[in-house]
Amino acid sequence: MTTEMVRLIEPVIPALRRYARALMKDRAAADDLVQDCLERAIGHWHQRHAEGDIRAWIFAILHNLAMTRLRRAAARPRPVPIEDAQEGDLARPATQEDRLRYRDALAALAQLPHEQRAVLLLVGVEDLSYAQTAKVLGIPIGTVMSRLSRARERLSKAMSEVPRPESAHPHLRRVK
Amino acid sequence: MTMRPITEDDLHGYVDGALDPERREQVSAYLEAHPDVAARVAAYGAERGMLRAALAPIVEEPLPAELDLARMVEARRRPPGPPRWAMAAAALLLVCVGGAGGWLLRGMGSAPAEGLQALGREAAASYAVFAPDKGRPVEIRAEDRAQLVAWTSRRLGRPVAIPDLADAGYRFMGGRVVATEHGPAALFMYDDDAGSRLVMLARPLASDPKAPMTPHARDGVNGFSWSDNGLGYSLVGQAAPETLHPLAHEARRQIHRQA
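First to last, the protein sequences are chains A and B. According to the working numbering, the first sequence holds residues 860 to 1035 in order. According to the working numbering, the second sequence holds residues 378 to 636 in order.
Partial list, derived from the structure: chain B residues whose beta carbon lies under 8 Å from chain A:
id : residue
1  : Asp393
2  : Ala395
3  : Glu424
4  : Leu428
5  : Leu432
6  : Ile435
7  : Pro441
8  : Leu444
9  : Leu446
10 : Arg453
11 : Arg513
Where chain B lies over chain A, by a calculated footprint (3+ residues, C-beta under 8 Å):
id : stretch
12 : 861–874
13 : 880–890
14 : 897–906
15 : 978–990
16 : 1005–1018
Treat the hints as calculated values from the structure; they're not laboratory data. Glycine residues also receive a C-beta, built at the ideal position from the N, C-alpha and C atoms.
Whole structure, please, built from the sequences with the hints as guidance.
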């Protein structure tokens, strides 16, 4: 039983960390969240549906914990904005150019409301199906689709409004 | 053939690769005919790719120690406590004290037979809760026997033996720690080929070791209780007393030999 649990949950942990990091932004808070999530998964293992979808089940635990924390944090000043995140905290892409684009994408992502961000990440990054995403978020598939639509529209708009790296970070261009 | 109109959902399905080949084909044709929509869909796809690339390195990172699942499971089983030698010493002390007068043991003050009757009631109550449970009758299964022994022994403050009833046709399924009015008890469960289940409950019990094995029956659950070396045991099930009695004797014999 225990070994089965470890066998099923362990492969999902890196993806859980990724989702948590994209929501929480800083590494320590994200890993803390994943740890809480795993504790809960271990403690409630017998409550999952035996034939059910482990990935959706455990992402739902993580998501609910994250939303609780984000709502609590919303009452306080904003956490470290992504721009100030330490080097390597979010990504280590290949080139300077790429890194700036990625940073823009993450910054645009950070501007989205939590629930739109969640849909975008679960569908677009974690490769959950629309049905799995609906299960994780506890909403109908139709709502998943409309949130996804709004999220993509908004992210796209934010991205197109971001000045190109050439003009925004001339000093970084020179480094190259 | 008339085609269903292309919807906004189809466009996202296209971006996420969630469409069946036929629909995908139709959306492709539509996008070729509508460059403005095609540009929007292409941007969605590019941004999706960018987010994936930006977040991809996170899954490659080595997992921090605090997210080691096997270790977390282990820590829950054995919460941080005194070192093993100290636990062993404490268990030894308990045994000595128990032998010297049993003043630390629960169930103290009750007459021997009364203690065994209380134990029998607790065993029957545990049986009623856990034996009918299809999905999760036990918390730790037979294959993790060592963990189960470690856990129950720790909670009971003394080594607990698991009798083997396979010769009588009852396979050991596993067990758990359960609550009784007299503190934690170890529950072990067995079943036979017909799916009939037995439960053995063990917990500290100060009782006259010479007290005879005590039968009890309650709500269709039969059982036999005895005590040995400071622990009380009760074997219960829906089987007839004639079936249970020899099994209880066998369990008592094995436990006594291992003690």
